[in-house]
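S.K.: The whole structure should be built from the sequences, with the hints applied where relevant.
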Amino acid sequence: MSSPTFRLYNTLTHETEPVEPIEEEHLQFYSCGPTVYMYAHIGNFRSFLTADLIRRTAEAIGWDVTNVSNITDVGHLTQDDLVDPGGEDKMQQALEREGERFANIYDLARHYTEAFLEDWRALNLREPEVRPRATEHVTDQLRAVVELVESDHAYATDQGVYFSVESADDYGHLSGNTEAQQLQASERDVVEDPDKRDPRDFALWKHDPDHLMHWHSPWGWGYPGWHIECSVMGMQYLGNRFDLHTGGEDLIFPHHECEIAQNQSLAGHRVINYWVHTRFLQVEGEKMSKSKGNFYTVRDLIQPSPEDDHVPASVRDQGGVDPLALRYALMQGQYRKPFNFTLDTLHTAARHVQRYRDAAERVEAALTADADGPDELGDRLGDIYDRTLEAMCDDLNTPAATAAALEGVKAIEQMDRMSGASARSARTWLDRTNALLGIIESTFEADEQTDTASETDPTSDSLADSIEELLADREAARRDGEYARADAIRDTLEALGIEVMDRPEGPEWRRKVELR
RNA sequence: GGUGACGUGGCCGAGUGGUCAGGCAGAGGCCUGCAAAGCCUCCUACGGCGGUUCGAAUCCGCCCGUCACCUCCA
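Going by the numbering used here, -10 is the number at position 10 of the first sequence; the sequence numbering is gapless.
A hint or two may mislead.
In silico DSS-like links for lysine-lysine, alpha-carbon gap of 30 Å or less [said to hold, decoys possible]:
1. LYS70 to LYS317
2. LYS390 to LYS267
3. LYS390 to LYS70
4. LYS267 to LYS70
5. LYS317 to LYS267
6. LYS317 to LYS270
7. LYS390 to LYS492
None of these hints come from the bench; they were simulated from the model.
As the structure is a computational prediction, the values presented were derived from the model and not from experiment.
M.R.: In structure tokens:
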């Protein structure tokens, strides 16, 4: 069967286009990563999720993927075009805020980098092939700046080195910000470098020997501009021509506009063919902001601290939500449309993820039993997978894809008894769907991860034992017709967050998936 | 002011000319000692006004509204 055509909306052309890799069946792309000065929030991860889904979709249609995703661990000025020796950057501000926690700026960066990677793994995002850090590529950045100065794409002043926007004819194409006046529209009561030739020019190097992080350069001690790191690291690992670049919509201007100008000036031609931008999300109908109290970092939701009262009590009281439920919730909106993240969506997502897990368990049990009988699922699940993949290939239509995939879960749920043949089809379907969407832990790859049971099941063995004991009591009570006592035991279990289901073959229990 | 996205039922969100999205919530039913879980059934909308068309949520025009960017930001 031939794969559907993978199409993505390209900000550069304002059109949804078939993705045609330069190297046949090998997608090479760069994803703008985080600046590590605080814990990443769910909006950050919506953007990283887009990159993850591009990878998974490309792999599902049989392509190889090389993805580079950076860590920005250099502080950059909050006002990017200004070279203000007394100015503060985001990381410096963070250090002042949290000075007692960290010995120095590098410690702070290390801490937030590690936290970021933890969140990344918790949300089941696939690891990029290369994850370069800006601080490890400063020399490379300097080399590029020298090259740009030598080719008259950049010039030095007393305060730094600037890219000359005039020298890049394509500048403004991506964002539509073509007029110089537009860039002066907002007045800022800060001091600009009087030697800047054009207000649009942006900094490649900032002279500042007192900056917390500084490096030696031909122009003295200082640190690199924000935009140059992505150009340099992208081209270093993916070459002078590669396929695609992802990031949040806010990066369209100035970051990606500047990156294109730098790339094309360094390479002498277009470097990247497709630009994919993820829309900001809203939370409960409003822009996510600390002042509105709807600002959630990933760890606010998956492992909230008990006393953090800005986290909704429903999430806090149960010790955080399933990270995979958060991932699933973020997939309920297409990356390019406005998406309203709500606790309601999160709640629904948690239940759906649980249904996948239950279905996977049933399939495993049926595989073990290996009952005789025809394959009653193969054709139906094959069709469902095709529709799921088609949706993903259609500009990552995750709401449609998850809707299609849920039909597969239903198909499994609806089987009264499952033959070994059906179970094998179901297992194949679950594996493929899971590879494409990353919905649950890989149940069937348990070999490599020893002890997944204790990892994935937060219930300790001793608690499990006492639950079994209570259930046995309750069964005895039910047998004797003492329903009041049986119900009381069920209430006790409920209070422990345990849900009891009386099935024909006996009682079953599981941790309750509840969010309000 | 410039640029770009978008407006679908109580809620979230698919759907680009004619047939059903799907989920959540709600209602009824099956099952159950009662529940829970699951299953079945029901609820049926396209911001407004014009236009094109046999037929418009879908195409065109205008209006209203929302969001984002215009040198901190995913």
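S.K.: Identify every previously stated hint that the structure contradicts and give their numbers, smallest first.
M.R.: 2, 3
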